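Participant: Both chains are sitting in their own frames, so use the hints and assemble them into the complex.
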Amino acid sequence: MSGTTTTVPLERKVLSENDRLAAELRTQFAHHGIYCLNLIGSPGAGKTALLERTLESFAPDKRVAVLTGDIQTDADARRLARYGFPVRQISTAGACHLDARMVVRALEGWDLATLDLLFIENVGNLVCPTSYDLGEAAKVVLLSVPEGEEKPLKYPGIFFKSKLMVLTKVDLLPYVPFRLDDAIANARSVQPGIEILQVSSATGAGIDDWLKWLAKR
Amino acid sequence: MHEIGIANSIVEAVRTEMLPHAGARPVKVAVRVGAMSGVDRDSLSFCFEAITRGTLFETMILAVEDAPADELELSYLELEEP
Numbered sequence: 082m083s084g085t086t087t088t089v090p091l092e093r094k095v096l097s098e099n100d101r102l103a104a105e106l107r108t109q110f111a112h113h114g115i116y117c118l119n120l121i122g123s124p125g126a127g128k129t130a131l132l133e134r135t136l137e138s139f140a141p142d143k144r145v146a147v148l149t150g151d152i153q154t155d156a157d158a159r160r161l162a163r164y165g166f167p168v169r170q171i172s173t174a175g176a177c178h179l180d181a182r183m184v185v186r187a188l189e190g191w192d193l194a195t196l197d198l199l200f201i202e203n204v205g206n207l208v209c210p211t212s213y214d215l216g217e218a219a220k221v222v223l224l225s226v227p228e229g230e231e232k233p234l235k236y237p238g239i240f241f242k243s244k245l246m247v248l249t250k251v252d253l254l255p256y257v258p259f260r261l262d263d264a265i266a267n268a269r270s271v272q273p274g275i276e277i278l279q280v281s282s283a284t285g286a287g288i289d290d291w292l293k294w295l296a297k298r
Numbered sequence: 039m040h041e042i043g044i045a046n047s048i049v050e051a052v053r054t055e056m057l058p059h060a061g062a063r064p065v066k067v068a069v070r071v072g073a074m075s076g077v078d079r080d081s082l083s084f085c086f087e088a089i090t091r092g093t094l095f096e097t098m099i100l101a102v103e104d105a106p107a108d109e110l111e112l113s114y115l116e117l118e119e120p
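Those protein sequences? They're chains A and B, same order as listed.
Using our numbering, read the first sequence as starting at 82 and increasing by one per residue.
Using our numbering, read the second sequence as starting at 39 and increasing by one per residue.
So that you can see chain B by itself, here it is in the shape it has in the complex (with noise of 0.2 Å):
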């Protein structure tokens, strides 16, 4: 259940990565989650759908990679420039 605070996470840090980028579009974040981490995929991707909903960040695709041991690390943020 903490994946809303981890879901929070990344949309602030994806907030943050944009301020240079006035005007573009995100179109995926990707962030690596190591199966020690405690932090459960289907969980999280749940959670990030609900919190973005109705916001800049709804059609912004959340990218789960495998990472070893209990890695849980942003890993890069597409965006779409005007």
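So that you can see chain A by itself, here it is in the shape it has in the complex (with noise of 0.2 Å):
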């Protein structure tokens, strides 16, 4: 005999667990006054170097600390603590993405008083990272030229859900077949408020912009 069928209303987010910890993150950074991005891009996309011209722009009393994930290695922690600043690298052993325990975790022991700013530099991922609050007050996406131009219409998640888009390497554009109109245009057709910046780390071109937008936040 079958019994009888009841259905319980759910209605929460999957991964209600999560934004609860991105939750507190978040009241605890606005506590601080500390402002803080989540940097997102394919491996290769730049973050690294971008995040090294803008520490080295930085004086030395700037109040900036960095988080650095990557499934494997401290390469990255390694070369982004020349310059001054604390740097932690998250080893994610594995996993695709930093979701916000592991920020937590990675907080413990740091004094935030002391903090401004906070750039928390994502596994390289155009997918995964998307789904996961970190607490950062804005998700920065970067697009290298070398990638293409419809990378925004192939995964528009992570562009729909960014606040600014840096398209990175631009000194590559006379070598590559890269259509920065139709790269912007895909970019706000999936997100018309996106706001967008060209930046080259290598020649330092338009490093500027990024640094005047960071300084506005």
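Everything labelled a hint here was simulated from the structure, so no lab data went into it.
A quick note: this is a predicted structure, and the numbers were derived from the prediction, not measured.
Please note that the accuracy of each hint is not assured.
To be verified - Once the Cα atoms are required to be at most 35 Å apart in a straight line, the calculated DSBU-like pairs of lysine-lysine come out as:
1. Lys66(B) - Lys94(A)
2. Lys143(A) - Lys293(A)
3. Lys66(B) - Lys235(A)
4. Lys244(A) - Lys94(A)
5. Lys297(A) - Lys244(A)
6. Lys293(A) - Lys235(A)
Facilitator: Here you go:
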């Protein structure tokens, strides 16, 4: 004999535990007046290079820190630590994205009162980091010129959720078949409000625009 | 590939919801997935089947419903009470 069927409404986010931790982080950041950015892009899009240029430009008393996520190695943390600001590597040991719990753990022991700006460099991936709120004020998506102008259409989720798209490696524009206008139109078709900057960490072009964008936060 | 984690979160939510329903059998769990959520439906279904195989949840159906934008929410759970 078959029993009765009951329907239980769930009506909450699938990632409610992650979102709870992210909300706690956001409250902490607000309490300490920290502006936190979650940098997302493909492997090799130039996330670490942009951060190197950024840290290099800051005065030594700038209250900035970086968390950098990778599946393996602390190579990025070593690259970024050269500039004298606090840097911590988060090794995800296989996971393709950072989640809020990893950020909570990585911040342990840091005095947040000493910071105004926190960069979180996510694992190189245009898909998985999209779903995980890290308590950031904004997501920034990096799209490098060699990747092609159709990326915003192929991976719409991350472009939809980002406040800013940084087109990187623009020094390569003369050498690769990248249609800049299409890239911008594609990003705006997914997220009409997205802001767009063009930079080259190799030549320094556009870095001032990025620094100005940061200074306005 | 993060769909394994998403599938795990769904199963955990079901497990929690079933605590007050001793002896019940989970029949179906429905989730709402938006096109901008970063979650691939086929991949989610595949991962869900993989992680529930050989468990209490093996026969439970995962229903994926359309949702706007980046929504990623649990919708409802259907239980068969003894």
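Participant: All the hints need checking, so say for each whether the structure fits it.
Facilitator: Now the hints, each set against the structure:
1. In summary, the hint linking lysine 66(B) to lysine 94(A) is supported, as the alpha carbons are separated by about 17 Å, within the 35 Å threshold.
2. Straight-line distance between C-alpha atoms of lysine 143(A) and lysine 293(A) comes to about 15 Å, which keeps the hinted pair within the 35 Å bound.
3. With a C-alpha separation of about 31 Å, the suggested pair lysine 66(B) and lysine 235(A) falls inside the 35 Å cut-off, and the hint holds.
4. With a C-alpha separation of about 22 Å, the suggested pair lysine 244(A) and lysine 94(A) falls inside the 35 Å cut-off, and the hint holds.
5. Of the supplied pair hints, the one linking lysine 297(A) and lysine 244(A) holds, its CA atoms being roughly 14 Å apart against a limit of 35 Å.
6. Note on lysine 293(A) and lysine 235(A): the hinted pairing holds, with a Cα-Cα distance of about 30 Å set against a maximum of 35 Å.
When each numbered hint is compared with the structure, no violation occurs for any of them.
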